[in-house]
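The sequence shown begins at 1377 in the numbering used here and counts up one residue at a time.
Simulated from the structure, these hints should not be mistaken for laboratory data. Predicted model only: the values in this text are computed from it and were never measured. A portion of the hints provided could be inaccurate.
Unchecked claim - Ranges between beta-carbon positions, derived for each pair:
1. 1377 x 1523: 31 to 37 Å
2. 1444 x 1481: 32 to 38 Å
3. 1512 x 1407: 27 to 33 Å
4. 1408 x 1523: 36 to 42 Å
5. 1407 x 1520: 29 to 35 Å
6. 1436 x 1506: 36 to 42 Å
7. 1522 x 1378: 28 to 34 Å
8. 1392 x 1423: 14 to 20 Å
9. 1477 x 1406: 31 to 37 Å
10. 1477 x 1422: 19 to 25 Å
Claimed, not checked - Straight-line C-alpha distance at most 25 Å; calculated SDA-like pairs for lysine to any residue:
11. 1502 x 1392
12. 1502 x 1466
13. 1502 x 1469
14. 1502 x 1409
15. 1497 x 1508
16. 1497 x 1437
17. 1497 x 1441
18. 1502 x 1437
19. 1502 x 1478
20. 1502 x 1442
Positions of the beta carbon are idealized from the N, C-alpha and C atoms, including for glycine.
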Amino acid sequence: MSYEDYMRRAIEQALLVPEFPFGAVIVRRAAGEIVAEGHNRSALNPTWHGEIDAINRCAEAYPAGDWSEFDLYTTAEPCPMCQSAIEWAGIGTVYYGTSIPYLQSRGWWQIEIRAEEVAAKTPFRKSHVVGGLLEAECNALFDNAPRGIFHQENIE
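Based on the provided sequences and hints, a complete structural model is requested.
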């Protein structure tokens, strides 16, 4: 499978919850094997983002090991919480489609700290962060998502 194929699997995960199209997959780089998938479950828990779901599922199969051989593909740039979890897990590379500035420009609530900034300020591990993978396809997920409470126009 290619980088694009892995991102398309993340897009499939995102489409499970079209109101919050944040999907993620974790891949064992050398084997090219998808080891975990996740999607946004924040309706159950506000911290249960797609990346967190994928990390939790990965931890079930690979507890407390060396995750530097794993890559994470996600439809949107990880928020500071998710990127911090990625750093704590020791995931080697993060590939994302839609950027935080793009989400903000479309009215999605986002904390204004970029994933690269979180990685750069992590003294013990540093994930490599690569943006813009299948960007147009990922942007369309957020452009076409039903508008919910986490959009700028719904702030009172």
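For each hint, the structure was consulted:
Roughly 33 Å separates the CB atoms of residue 1377 and residue 1523, a value that falls within the hinted 31 to 37 Å. For residue 1444 paired with residue 1481, a C-beta distance near 34 Å keeps the hint of 32 to 38 Å intact. The hinted range of 27 to 33 Å is satisfied by residue 1512 and residue 1407, whose Cβ atoms lie roughly 29 Å apart. A hinted range of 36 to 42 Å for the beta carbons of residue 1408 and residue 1523 is consistent with their spacing of about 37 Å.
For residue 1407 paired with residue 1520, a C-beta distance near 34 Å keeps the hint of 29 to 35 Å intact. Taken as a hint, the range 36 to 42 Å is violated for the pair residue 1436 and residue 1506, whose Cβ atoms sit roughly 26 Å apart. Checked against the hint of 28 to 34 Å, the C-beta distance between residue 1522 and residue 1378 comes to roughly 31 Å, which is consistent with it. Roughly 18 Å separates the CB atoms of residue 1392 and residue 1423, a value that falls within the hinted 14 to 20 Å.
About 33 Å separates the C-beta atoms of residue 1477 and residue 1406, a value consistent with the hinted range of 31 to 37 Å. The hinted window of 19 to 25 Å between residue 1477 and residue 1422 holds, with their beta carbons roughly 22 Å apart. Between residue 1502 and residue 1392 the CA atoms are separated by roughly 30 Å; this puts the pair beyond 25 Å, and the hint is violated. As the CA atoms of residue 1502 and residue 1466 are separated by approximately 8 Å, the hinted pair is consistent with the 25 Å bound.
Between residue 1502 and residue 1469, the direct Cα distance comes to roughly 9 Å. Compliance with the 25 Å bound is thereby established for this hinted pair. For the suggested pair residue 1502 and residue 1409, the alpha carbons sit about 22 Å apart, so the restraint of at most 25 Å is met. For the hint linking residue 1497 to residue 1508, the alpha-carbon distance of about 22 Å falls within 25 Å, and the restraint holds. Using a Cα cut-off of 25 Å, the hinted pair residue 1497 and residue 1437 is violated, with the two alpha carbons roughly 29 Å apart.
Taking the CA atoms of residue 1497 and residue 1441, the gap is near 22 Å; set against the 25 Å cutoff, the hint holds. Only pairs whose Cα atoms come within 25 Å are accepted, and residue 1502 paired with residue 1437 is accepted, the gap being roughly 23 Å. Between the alpha carbons of residue 1502 and residue 1478 the distance comes to roughly 24 Å, so the proposed pair stays at or under 25 Å and holds. The straight-line distance between the Cα atoms of residue 1502 and residue 1442 is roughly 14 Å, inside the 25 Å bound, and the hint therefore holds.
Hint compliance for this structure: hints 6, 11, 16 are broken, all remaining hints hold.
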